[in-house]
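Engineer: Each protein sequence line maps, in turn, to chains A and B.
Per this note's numbering: the first sequence = residues 13 to 491.
Per this note's numbering: the second sequence = residues 13 to 491.
Derived by calculation from the structure, the hints in this document are not laboratory data.
Hints may contain errors.
Note that the list lumps identical chains together, so a pair holds whenever it fits in one copy or between two copies.
Derived pair list, reagent style BS3-like, types lysine-lysine, alpha-carbon separation capped at 30 Å [as the list claims (entries may be wrong)]:
| no. | residue 1 | residue 2 |
| --- | --- | --- |
| 1 | 97 | 161 |
| 2 | 95 | 161 |
| 3 | 482 | 212 |
| 4 | 321 | 479 |
| 5 | 439 | 482 |
| 6 | 383 | 482 |
| 7 | 75 | 321 |
| 8 | 348 | 75 |
| 9 | 97 | 218 |
| 10 | 50 | 439 |
There are 2 protein chains.
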Amino acid sequence: MAADKKQVEQITDMESDFAQWYTDVCRKAELIDYTSVKGMFILRPYGYAIWENIQRELDGMFKKTGHQNVSMPMLIPESLLQKEKDHVEGFAPECAWVTVGGGEELEERLCIRPTSETLFCEHWANILHSWRDLPILYNQWCSVLRWEKSSRPFLRHREFLWQEGHTLHATAEEAVRETEQQLEAYASLCEDFLAMPVVKGLKTDKEKFAGAERTYTIECMMHDRKALQNGTSHYFGDGFARAFGITFADRENTLRHPHQTSWGFATRTIGGLIMTHGDNSGLVMPPRVAPVQIAVIPVASHKPGVNEKAGELLRALSGAGLRANADFSDNSPGWKFAEHEMKGVPLRIEIGPRDIEAGTCLAVRRDSGEKLSLPLDGVAERAGLLLGDIQRSLFEKARRNLDGHTYAAKSAGEVREIIEGGGGFVKAMWCGGAECEAAMKDAAGVSSRCMPFEQERLSDACAVCGKPAKSMVVWGVAY
Amino acid sequence: MAADKKQVEQITDMESDFAQWYTDVCRKAELIDYTSVKGMFILRPYGYAIWENIQRELDGMFKKTGHQNVSMPMLIPESLLQKEKDHVEGFAPECAWVTVGGGEELEERLCIRPTSETLFCEHWANILHSWRDLPILYNQWCSVLRWEKSSRPFLRHREFLWQEGHTLHATAEEAVRETEQQLEAYASLCEDFLAMPVVKGLKTDKEKFAGAERTYTIECMMHDRKALQNGTSHYFGDGFARAFGITFADRENTLRHPHQTSWGFATRTIGGLIMTHGDNSGLVMPPRVAPVQIAVIPVASHKPGVNEKAGELLRALSGAGLRANADFSDNSPGWKFAEHEMKGVPLRIEIGPRDIEAGTCLAVRRDSGEKLSLPLDGVAERAGLLLGDIQRSLFEKARRNLDGHTYAAKSAGEVREIIEGGGGFVKAMWCGGAECEAAMKDAAGVSSRCMPFEQERLSDACAVCGKPAKSMVVWGVAY
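The shape of chain A in the complex, shown without the other chains (with noise of 0.2 Å):
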């Protein structure tokens, strides 16, 4: 980067280096940047306004249905962590310490939260009593730390920004209910919101999460036909309450324990967003969840008007609540056209002397590069439709990837001649065996995904032993 000026660089074509492509993008689109600490990342300001949406949108949600924010602590004890043993076994290999404090060794080391379940416990002991107080349906927002080995942008940092909804119930019922509505919450954001298409189902026992009972999860296709797990909601039983003795009066005076869930969301979404979308012009957003939705750039804005006619076609959209911007900047239009077609902005409107002098501009879509000429009066409206198409021809898009690298295999040879001729999603038939499950990752090279809710009977036997079939999976290769 020259000092005196800012140069859009190029990017690694996806098709030549997938991996290489996805960095390039997330530095060069300036939304992210690397620290001295491994594995520990920074949200510049145009990555963190996307989590920013995707924070108000699901906030909404969350609220609308009854869930309370708070925030808790960052460090929990050792010995609050041990109490429940699934949970610790789980994480503590992934924890990060805190021995020292205010300059003395610390009694007892305090681990920054790699999840906040024991602490959330620790508190609903305090405070739960009757069945009156129930349900609890709590959610914050923060981030969390997790040593793991291996760092890259958005889809594996040590720490990451999320949410966590924990929540307590009278009846496993209705804590089910709740596991599998935060669930359907989170895959409506990603269809939705963020135009990604979802195989919604269980995790295995294998791939659960710690402490348990059930882990519901939501997993979307990138371009690379790879999956990305991209929100997980989990029902605990009663496990953590009766290791944390967390107790309540039921209607009849009996003290008995809640049933209990959470589930969570992160930044990692944002690198699913990248991989979903983007080419090799860089990002390309969904005008949704797109900080800036249109960009105004004026084309010969040295003749007379040019800006001003710029300025009021950014007050029209923007007073029709679109997230729209000019570049007044005394860049090239050439350059302006690179650099907002890297931050992948849904909508780019030029104006010149020859459109204003027609009473147009024109808008070219990000999505498929096409042109068309907007009249400038009732723009904002025409604009907003153009969104609501790009929106829907995204998703449309994504949806065909996922649907047209779905395939169904009756033997874990099968499923491995998938995933080496190109790759995808492959659906088999499971016996519920965890040899099975290792046996077909060690044959294939895939991880069970998720039995999905919409279940099929590919066959009546286990593609790996063949015993009978208890249920379907869909196998692939995970971020």
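Starting from the structure of chain A, add chain B where the hints point.
Structural biologist: Chain B in isolation, oriented as in the chain A frame:
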């Protein structure tokens, strides 16, 4: 608390024990809960909802003036923290250190951010190139850790929520303007939104932020006449930029160091809200920040039509954009009154069979206890006006407390007499010497709160040493 029914419990009178009254309100208005880690608190839904309202208001102000949100990591390598000498001296004693991650001793220990200047500086050294990149106007919402010895809800947490703004500018003048602009934003938030009058001023060298050239502050007076520092804004000059090697090419292509600011506002303001407006029945929330502005309470709700009418009333109020709720629980009206009083809901509206017959409802102001019969027809408009009046009354009452307990003194002895005689803010002239500042503290038990923008020439002599005075200082006992 009985297992089958919540009770609104008595709280300590503020006249008999102000500190206990404060703690009682924090607990019994369900703002906060303690945890097993000293100094780490839980913000419960009602407490967090207050913070969300403050966030929304401040975030809107920041964005209007061109600031962008970002997210920095929570961990700072020790070597990075040490790059600016005054800064590390100020913060190192309060650091919490991560020494183990992923089961291994770390090569370099990592501090949980007590504040993030060093992280922003490291990032800026990477991304700043040209005068075209300036100003950089960033903000982040996060929590920070300071391992203090003592702790109190909201006022002193080891972990607290805040925003920290960090900006870079081409010139010192512009950076100073930014520092002052952001202080004005805090002052406006306090006065217009939180109904807390402020004294604006400059900190003395002793009281300024570690590493800053200047620290601006707003100081509020509590019921007990102690001072609460409520938002600070710092001008750093180019000291950090030099220490971190941050440069930009100016218009003549000469490399220069930018000038820097930072400014922060924290959840401690909620402690200030409690101690400014609260009374012996609990919290008193100014309507603009109140999570619930109006509580609708059906009276004799077993009578036909009462709950229906209360529901209609609720919809009318909510439909007009007021934050209203209705309590249809089977608790007694008296219990509900006490609970909403404890939580400081600005307006309670009671509706029973006789009101319905008369086409009215009964509004009860939390601030004054005044009762007003309101026609149901047009009730939302009248309720809105009442809320505006409550907001103004609370501000005026707090203003009277501040003005009525701000004194002038000519000697340290006079300052001590005022503090011992009930306390308040004491204005006195100062020579600018650190010795006199320390001597005043020893003599009167006060610290310098600030050199207010509105300077008066009370005399020509320093109240401590009698030498020529340079400025007027406001002294007080601080939280």
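Engineer: None of the hints should be skipped; say for each whether it holds.
Structural biologist: Structure-based check of all given hints:
For the identical chains of this complex, residue 97 and residue 161 are intra-copy neighbours only, at 23 Å inside a copy versus 33 Å across copies, given an alpha-carbon limit of 30 Å. In this homomeric assembly, residue 95 and residue 161 come within 30 Å of each other (Cα to Cα) both inside a single copy, at 26 Å, and across copies, at 28 Å. In this assembly of identical chains, the alpha carbons of residue 482 and residue 212 lie at most 30 Å apart only when taken from the same copy (18 Å versus 71 Å across copies). Neither within a single protomer nor between protomers do residue 321 and residue 479 lie at most 30 Å apart by alpha-carbon distance, with minima of 72 Å and 64 Å respectively.
When the C-alpha separation of residue 439 and residue 482 is checked against a cutoff of 30 Å, the pair qualifies only within one copy, where the shortest distance is 13 Å, while the shortest distance between copies is 81 Å. For the homomeric pair residue 383 and residue 482, neither the shortest alpha-carbon distance inside one copy (52 Å) nor that between copies (67 Å) is at most 30 Å. Proximity of residue 75 to residue 321 under the C-alpha cut-off of 30 Å is restricted to the inter-copy arrangement: shortest distance 25 Å between copies versus 41 Å within a copy. In this homomeric assembly, residue 348 and residue 75 come within 30 Å of each other (Cα to Cα) only across copies, at 23 Å, whereas the closest approach inside a single copy is 39 Å.
Proximity of residue 97 and residue 218 under a CA criterion of 30 Å is satisfied intra-copy only: 16 Å inside one chain copy versus 51 Å between copies. Neither within a single protomer nor between protomers do residue 50 and residue 439 lie at most 30 Å apart by alpha-carbon distance, with minima of 37 Å and 51 Å respectively.
Going through the hint list in order, the structure does not satisfy hints 4, 6, 10.
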